[in-house]
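Protein chains: 2
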Amino acid sequence: MVESVAFGLTKEYRDRFQQALDKRDDAFILKNLEGVNAADITALLYEFNSQESKYVLDLLDVEIRAEIITELDRDTRIAFFKIYQPDELIKIIDHLDSDDAADILNELPIKIREEVLAGLDKVLRMQVIDLLRYDENVAGGLMAKELVTAHVNWTVVQCIEEIRKQVENVSKFYAVYVVDDYNKLLGRVHLQQLILTDSKTLVKDIYDPELISVQTHLEDTEVASMMRKYDLESVPVVNVYGQLVGRITIDDVVDVITEQAEEERQLMSGISEDVEEDDSIWRLTRARLPWLLIGIIGGLISVQFIGLFAIDLMRITAIAFFIPLIQATGGNVGIQSSSIVVQSLANPGFVEEGLWKRLIKVFLVALLNGFLLSLIVLAANMLLGGDNNRLFIVVSLALFTVVLVASLIGTITPLILNKFGFNPALASGPFITTTNDLLGLGIYFLTIHFFL
Amino acid sequence: MVESVAFGLTKEYRDRFQQALDKRDDAFILKNLEGVNAADITALLYEFNSQESKYVLDLLDVEIRAEIITELDRDTRIAFFKIYQPDELIKIIDHLDSDDAADILNELPIKIREEVLAGLDKVLRMQVIDLLRYDENVAGGLMAKELVTAHVNWTVVQCIEEIRKQVENVSKFYAVYVVDDYNKLLGRVHLQQLILTDSKTLVKDIYDPELISVQTHLEDTEVASMMRKYDLESVPVVNVYGQLVGRITIDDVVDVITEQAEEERQLMSGISEDVEEDDSIWRLTRARLPWLLIGIIGGLISVQFIGLFAIDLMRITAIAFFIPLIQATGGNVGIQSSSIVVQSLANPGFVEEGLWKRLIKVFLVALLNGFLLSLIVLAANMLLGGDNNRLFIVVSLALFTVVLVASLIGTITPLILNKFGFNPALASGPFITTTNDLLGLGIYFLTIHFFL
Numbered sequence: 003m004v005e006s007v008a009f010g011l012t013k014e015y016r017d018r019f020q021q022a023l024d025k026r027d028d029a030f031i032l033k034n035l036e037g038v039n040a041a042d043i044t045a046l047l048y049e050f051n052s053q054e055s056k057y058v059l060d061l062l063d064v065e066i067r068a069e070i071i072t073e074l075d076r077d078t079r080i081a082f083f084k085i086y087q088p089d090e091l092i093k094i095i096d097h098l099d100s101d102d103a104a105d106i107l108n109e110l111p112i113k114i115r116e117e118v119l120a121g122l123d124k125v126l127r128m129q130v131i132d133l134l135r136y137d138e139n140v141a142g143g144l145m146a147k148e149l150v151t152a153h154v155n156w157t158v159v160q161c162i163e164e165i166r167k168q169v170e171n172v173s174k175f176y177a178v179y180v181v182d183d184y185n186k187l188l189g190r191v192h193l194q195q196l197i198l199t200d201s202k203t204l205v206k207d208i209y210d211p212e213l214i215s216v217q218t219h220l221e222d223t224e225v226a227s228m229m230r231k232y233d234l235e236s237v238p239v240v241n242v243y244g245q246l247v248g249r250i251t252i253d254d255v256v257d258v259i260t261e262q263a264e265e266e267r268q269l270m271s272g273i274s275e276d277v278e279e280d281d282s283i284w285r286l287t288r289a290r291l292p293w294l295l296i297g298i299i300g301g302l303i304s305v306q307f308i309g310l311f312a313i314d315l316m317r318i319t320a321i322a323f324f325i326p327l328i329q330a331t332g333g334n335v336g337i338q339s340s341s342i343v344v345q346s347l348a349n350p351g352f353v354e355e356g357l358w359k360r361l362i363k364v365f366l367v368a369l370l371n372g373f374l375l376s377l378i379v380l381a382a383n384m385l386l387g388g389d390n391n392r393l394f395i396v397v398s399l400a401l402f403t404v405v406l407v408a409s410l411i412g413t414i415t416p417l418i419l420n421k422f423g424f425n426p427a428l429a430s431g432p433f434i435t436t437t438n439d440l441l442g443l444g445i446y447f448l449t450i451h452f453f454l
Numbered sequence: 003m004v005e006s007v008a009f010g011l012t013k014e015y016r017d018r019f020q021q022a023l024d025k026r027d028d029a030f031i032l033k034n035l036e037g038v039n040a041a042d043i044t045a046l047l048y049e050f051n052s053q054e055s056k057y058v059l060d061l062l063d064v065e066i067r068a069e070i071i072t073e074l075d076r077d078t079r080i081a082f083f084k085i086y087q088p089d090e091l092i093k094i095i096d097h098l099d100s101d102d103a104a105d106i107l108n109e110l111p112i113k114i115r116e117e118v119l120a121g122l123d124k125v126l127r128m129q130v131i132d133l134l135r136y137d138e139n140v141a142g143g144l145m146a147k148e149l150v151t152a153h154v155n156w157t158v159v160q161c162i163e164e165i166r167k168q169v170e171n172v173s174k175f176y177a178v179y180v181v182d183d184y185n186k187l188l189g190r191v192h193l194q195q196l197i198l199t200d201s202k203t204l205v206k207d208i209y210d211p212e213l214i215s216v217q218t219h220l221e222d223t224e225v226a227s228m229m230r231k232y233d234l235e236s237v238p239v240v241n242v243y244g245q246l247v248g249r250i251t252i253d254d255v256v257d258v259i260t261e262q263a264e265e266e267r268q269l270m271s272g273i274s275e276d277v278e279e280d281d282s283i284w285r286l287t288r289a290r291l292p293w294l295l296i297g298i299i300g301g302l303i304s305v306q307f308i309g310l311f312a313i314d315l316m317r318i319t320a321i322a323f324f325i326p327l328i329q330a331t332g333g334n335v336g337i338q339s340s341s342i343v344v345q346s347l348a349n350p351g352f353v354e355e356g357l358w359k360r361l362i363k364v365f366l367v368a369l370l371n372g373f374l375l376s377l378i379v380l381a382a383n384m385l386l387g388g389d390n391n392r393l394f395i396v397v398s399l400a401l402f403t404v405v406l407v408a409s410l411i412g413t414i415t416p417l418i419l420n421k422f423g424f425n426p427a428l429a430s431g432p433f434i435t436t437t438n439d440l441l442g443l444g445i446y447f448l449t450i451h452f453f454l
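Protein chains in written order, with our numbering: chain A, 3 to 454; chain B, 3 to 454.
Keep in mind that the hints are not guaranteed to be accurate.
It does not matter which identical chain is meant; a pair holds if it fits inside one copy or across any two.
Stated by the list, open to error - Cross-link-like lysine-lysine pairs, in silico, DSBU-like; alpha carbons within 35 Å at most: (1) 174 to 231; (2) 124 to 231; (3) 84 to 231; (4) 231 to 167; (5) 174 to 84; (6) 13 to 25; (7) 186 to 363; (8) 206 to 25; (9) 25 to 93; (10) 33 to 186; (11) 231 to 113; (12) 359 to 25; (13) 206 to 167; (14) 363 to 421; (15) 84 to 363; (16) 186 to 174; (17) 231 to 56; (18) 13 to 363; (19) 56 to 363; (20) 174 to 421; (21) 113 to 56; (22) 33 to 231.
Rather than coming from a laboratory, the hints here were simulated on the basis of the structure.
Could you build the full structure based on these sequences and the hints that come with them?
Okay, structure coming up:
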């Protein structure tokens, strides 16, 4: 039977399931979860508390239990595992791939981690200990140890024998990696080649030596952009000696890409923690306050700053009318500029243009934008505002300057952040926006002060 | 030999290559590009003009030429193909997978498209004609026709024979799809099963019927989130009758996810076209102006609006000092709120909470944020601003109200946009920010007017 549609989760279904849980109606639970994909069961379990979820999990096969555990998001899993005993954890983790097992062990309190590690299956334990050495943001932290290798002098039939041995451990594999006596990676053999070649053929005669591999210390975002660029479904990981130590599959990289996009959105919108709509009110507040406070501090500085020009304001009240116009334009121009830079930093591959060439171009675009916008504002003011041409010309002059300055700041900031190892998307966040706001205000009031 | 590092592109190398191109030094060009990955050659060719790039391509094998063509971004390809004759296009497109061929044909002017289509290899032509029927944003537009199918009554040896026939056409395959007499999809057989099973075994005894498939009309973003959720490396596409019509591989979906993230960034930063830093000045300006104009219009409305309160401003100049504070906070709160909603819309899977429950929670978070922020601002004002307590209380009151209103607008807008089929990330863009700015200003001046 083909499962054409994803398992739908309705409120009614959840309530019905909750009833079954309350009554400990194991038959109902098992019947309803039979044949359901682990990812769907996970989504369902998010609706219940830890005790209830554990009750359901304990009814299921340990393989499915293990799969569900890997589907959980990190925070939920950390909370959830608090009600588990070490021996229960060992049973589950023994059924995981080495990369997932290492991730989960990293989340456990150190005492429990040691206890669980000691109880794991010996092969898995050695693999996990090896993986725990790597930072989670590099290739070594992304890779799994499960892979099928063949010695370059083997025959096809020996290869197939090796696959037969490994088939239980390696859930997804696309190729057999070919190594020499020292486990140095030489190339790979595609599965379809094994099917199509005579069984006495030697691996050395059919393997493909043109293989892209990554070193353990390569950053995860670079692994992602490399796999994307070369359309790879999996990539072998080698150490500095070129020895094969693991492999990364595309599904891990899809997660990296998605997390990167989410992190960027959070930076751009000024949220300082990884929160979701269903987090607690306190957590949501805490994630939002820091950046709001930066905005508030910027605002308080504005108060002091405008205060310096109180005399000008008393003289010509209309000065105040244009504050929002100047600020909003400065902010928008700054965000647009930094966004374009962030995008080109995310898609490298062209020869880097020199910084000056880049800035001159940004300057020209800003000149054109600034000129058009100031002209439009001047015309609109003259049409709507009556007889105050001197003020209007000064406003347009200030607006023009703000567009130029905001463009340059918006362009330079992400470049500087990137150079010092920060995420350039920070430049589109509240900190830079606040700086831009203040600069815009400064330019406006100084222009007014000197020209009016 | 293992290619451990990506091919590096330096300015010196580009200049050396340019020299070779100027001198038509074919030997140098060929020697330097031998064994280089198509994606790397593509990156290099971006450095030269169309004529030069075509000169290089014509030196290369048609297979590599075809690969390079698929690597190009859409706009570059459209421009590049203008210097090609239809018969040259036919030669290249004949070497593409059906999905890439259909994408490229879609980019050609209609007259040339017909000419090229007529000249294509017959099998490919039929496949492409079928694919051209689908919108590019649905599963049908993402899928390729190249796949290996086996009849459920076949033996393993017949399967392998079929793979042998198809191996030239299908570049990446992970599984054999099993169908019945009517081409209805029944399940699949993994490659490793074919390797491990006796060749006389029947397909019906080894195929896996638990298979997730998608229908042709499913949206590309939904295909992406489904493949991500279920960790699929490829997914078969069926029509409404359940007949197998194509398959989508994970690399296409990685592109969808990346494009989605880029589109969202553009929406959030108010860029209306898909531009890059190296586009022309005019194109960059055109992409930025529309949203900047919306900001300008908002600013001009502010001018008129504040003008209504000129009397209040003349009476108490200090009112103007707080305009940036109020506006920036309103803007930041709005963007944060919509960003959280956009995130939960992008990661569905939980039971939808009712709208009211959602809004009440947002309201509580806003209440807490607003209360804390107003208190901080009140304290800061009293410390720094001297003796104007009445004004300060009114400012904090307005700030509190602005936080509440901006939270609600920031939450509701993406939900409404999503409901009507727009991208909810629009809510974090300039249009909504401008609306929020105006509302903030309105609340502030009305509060001032009535309480001061």
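A quick look at each hint next to the structure:
| no. | hint | verdict |
| --- | --- | --- |
| 1 | 174 to 231 | both (22 Å within a copy, 16 Å between copies) |
| 2 | 124 to 231 | between (37 Å within a copy, 31 Å between copies) |
| 3 | 84 to 231 | between (41 Å within a copy, 25 Å between copies) |
| 4 | 231 to 167 | both (33 Å within a copy, 29 Å between copies) |
| 5 | 174 to 84 | within (31 Å within a copy, 43 Å between copies) |
| 6 | 13 to 25 | within (19 Å within a copy, 71 Å between copies) |
| 7 | 186 to 363 | neither (48 Å within a copy, 57 Å between copies) |
| 8 | 206 to 25 | neither (62 Å within a copy, 41 Å between copies) |
| 9 | 25 to 93 | within (27 Å within a copy, 68 Å between copies) |
| 10 | 33 to 186 | between (49 Å within a copy, 28 Å between copies) |
| 11 | 231 to 113 | between (42 Å within a copy, 32 Å between copies) |
| 12 | 359 to 25 | between (71 Å within a copy, 27 Å between copies) |
| 13 | 206 to 167 | both (21 Å within a copy, 24 Å between copies) |
| 14 | 363 to 421 | within (20 Å within a copy, 40 Å between copies) |
| 15 | 84 to 363 | between (56 Å within a copy, 27 Å between copies) |
| 16 | 186 to 174 | both (22 Å within a copy, 26 Å between copies) |
| 17 | 231 to 56 | between (42 Å within a copy, 22 Å between copies) |
| 18 | 13 to 363 | between (55 Å within a copy, 19 Å between copies) |
| 19 | 56 to 363 | between (59 Å within a copy, 28 Å between copies) |
| 20 | 174 to 421 | neither (38 Å within a copy, 38 Å between copies) |
| 21 | 113 to 56 | within (22 Å within a copy, 63 Å between copies) |
| 22 | 33 to 231 | between (45 Å within a copy, 23 Å between copies) |
Consistency note: the structure conflicts with the earlier hints numbered 7, 8 and 20.
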